[in-house]
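Protein chains: 2
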Amino acid sequence: MAATTALTVNYTRIQTLTLYFQHCRSKRWINLKTVNRRSPFCRSLQRHAATVVSGTELARQIHKEVQSDIAKLVAQGNRRPHLSVILVGNDHASHTYVRNKTRAASLLGMSSSTIFRPSSVSQEEMLELIDKFNRDRSISGLLVQLPLPEHINERAICNAVAPEKDVDGFHIVNTGKLCLDQRCMVPATAAAVWEIIRRTGIETVGKNVLVVGRSKNVGMPIAMLLHSDRNHERPGGDATVIMAHRCTPLPRLKELASLADIVIAAAGVPHLITADMVKEGAAVIDVGINRMQDPVTGKLRLVGDVDFEAVKEKAGFITPVPGGVGPMTIAMVMKNTVTAAKNAPTY
Amino acid sequence: MAATTALTVNYTRIQTLTLYFQHCRSKRWINLKTVNRRSPFCRSLQRHAATVVSGTELARQIHKEVQSDIAKLVAQGNRRPHLSVILVGNDHASHTYVRNKTRAASLLGMSSSTIFRPSSVSQEEMLELIDKFNRDRSISGLLVQLPLPEHINERAICNAVAPEKDVDGFHIVNTGKLCLDQRCMVPATAAAVWEIIRRTGIETVGKNVLVVGRSKNVGMPIAMLLHSDRNHERPGGDATVIMAHRCTPLPRLKELASLADIVIAAAGVPHLITADMVKEGAAVIDVGINRMQDPVTGKLRLVGDVDFEAVKEKAGFITPVPGGVGPMTIAMVMKNTVTAAKNAPTY
Chain A
1 MAATTALTVN YTRIQTLTLY FQHCRSKRWI NLKTVNRRSP FCRSLQRHAA TVVSGTELAR
61 QIHKEVQSDI AKLVAQGNRR PHLSVILVGN DHASHTYVRN KTRAASLLGM SSSTIFRPSS
121 VSQEEMLELI DKFNRDRSIS GLLVQLPLPE HINERAICNA VAPEKDVDGF HIVNTGKLCL
181 DQRCMVPATA AAVWEIIRRT GIETVGKNVL VVGRSKNVGM PIAMLLHSDR NHERPGGDAT
241 VIMAHRCTPL PRLKELASLA DIVIAAAGVP HLITADMVKE GAAVIDVGIN RMQDPVTGKL
301 RLVGDVDFEA VKEKAGFITP VPGGVGPMTI AMVMKNTVTA AKNAPTY
Chain B
1 MAATTALTVN YTRIQTLTLY FQHCRSKRWI NLKTVNRRSP FCRSLQRHAA TVVSGTELAR
61 QIHKEVQSDI AKLVAQGNRR PHLSVILVGN DHASHTYVRN KTRAASLLGM SSSTIFRPSS
121 VSQEEMLELI DKFNRDRSIS GLLVQLPLPE HINERAICNA VAPEKDVDGF HIVNTGKLCL
181 DQRCMVPATA AAVWEIIRRT GIETVGKNVL VVGRSKNVGM PIAMLLHSDR NHERPGGDAT
241 VIMAHRCTPL PRLKELASLA DIVIAAAGVP HLITADMVKE GAAVIDVGIN RMQDPVTGKL
301 RLVGDVDFEA VKEKAGFITP VPGGVGPMTI AMVMKNTVTA AKNAPTY
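Protein chains in written order, with this note's numbering: chain A, 1 to 347; chain B, 1 to 347.
This is chain A alone, in the form it adopts within the complex (with noise of 0.2 Å):
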């Protein structure tokens, strides 16, 4: 039993590893020394599991990059960088992903600061809010945190910042912009999973990606990216792109999957994208971050929308979560206030 689950092996492309398996059933394991270590066999017997990608070390990387990047600005005699967040009601997520914001802008060298309103708080005054931040040049970036309260209308709200303060690339400009290809603001987790994959070395031109999930601050910007020319101004991944979601069936999906030479998932739904989807040595990125009660211990923890532990016998790469694509968004929206410090006109 032990030999079967650790041996995940393409039984198509070594058809006759079978009748090894076959030979050794009754002994339900493998002897490697029995083995020549030199053939194909048994480079496939070696097989280890997926690269696990960290999220965490990979936003070290361009946290040190953004560092260094306001460190010139300042030299340069401009302002430094300074994000302003607004933040309406109580929503403890909501609250937990501001202050993991405002702590990494002070951690590599910026100013920020958060704005809160109560849920009560009107559409009007919050479009004046806006309207001041966008004329003051002392700010930089400028985030309205997601989701607002009922009567509150996010469209107007997400349009009411100035394009190139928003640094979450939700207002409509920015949104045409990445349709079109054109350098703007790219939505901060699509920008993450872009970021994953090119530090990861995973190759996108020709390849089939499937991007499960189709929300317009995820799946959608991710699939513009990805399918994208690699020439054009902002440049894409080249790659096939196939966008799957919630009407897609399930049997197709996993069809769809066992096609896929990067998966991902970004359809909120845990534990979604199961080992027998995944082709063997796919790239599987996590974007799924769902709340979960451990039913041992009771407490609530976070999961992905992939099998992680039985997928990563799998797959070539994988993002965890926590740790994957959720640090490296908190660093893209700190690289998007830089890039807008930098547009920003100097005076």
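For the record, the hints were derived by calculation from the structure and aren't laboratory data.
A pair counts as met if it fits within one copy or between any two copies, since identical chains are not told apart.
Quick list of in silico lysine to any residue cross-link-like pairs, SDA-like style, CA-CA up to 20 Å:
| hint | residue 1 | residue 2 |
| --- | --- | --- |
| 1 | K254 | V205 |
| 2 | K216 | N231 |
| 3 | K132 | V121 |
Only a predicted model underlies this, so the values are computations on that prediction, with no experimental measurement involved.
Please arrange chain B on chain A, whose structure you already have, making use of the hints.
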């Protein structure tokens, strides 16, 4: 031989049919009288070729609706809708396209005007002209025929047209709205493909759609329309969408096409989609307009991206070239112009 091409059947579904074929092979024909006509075999043997979807016919439907909308608008005391076109240079195809549009406008009871400029026109003059037309309340819809000479920045021109008069749907705000599933001016060719699918009754929800070609005016907006949520402000097709393009290797394209319930060919490659790629019964929509010299007559003729004659024998629905997406595209420009007239402020 004749029997072989006339009988396009699903060999995997009706396996025993193979035996019948083997029996008949020596004769090279099948006598239908020897088969029970009520059996499923017979229904397969009598299978008809694809329904050829006439874009000309569907365009006629839309023309009638547009005419009725114009009559209502005018009866309500509004100005008659007016389409203005700016045409730069002497490109033959561009002149033909513009003539087709203004002719359609006049047939439907819209007024129109074409402003010609030499290819030496400056970007400044173009921008001034567009600005004048934007402010002119007698103009409902305005389009600048593309392509423009190289010294003019097409993007700057597209973004200069007022979004509410932008009947081509090329303004960045219309792109942003399209990608965020908001009501907007949809690029006419993408809107044409959408209407063909809708009016032919082809199901999209949960289906597999392959879009071949990722141009910003055709492939990309088609993918946006078809993958998005049917319950959003601008309803989408809720399909699983595969975005393929020149970087998709041909064997991979074949593999993906064989999974597709709907194939939309918008690559600009003559006869790219062949019968061996297409799934039996699939809907095949040909957006390609390629001018090719006839090897026999030496004359130029239009061919699509689909090998029409061969694919027709296997598909469930197919659009021809010419007479498919082309006339529907013009109809959608007319529809967009009436929408612009409806949305214009009354005064």
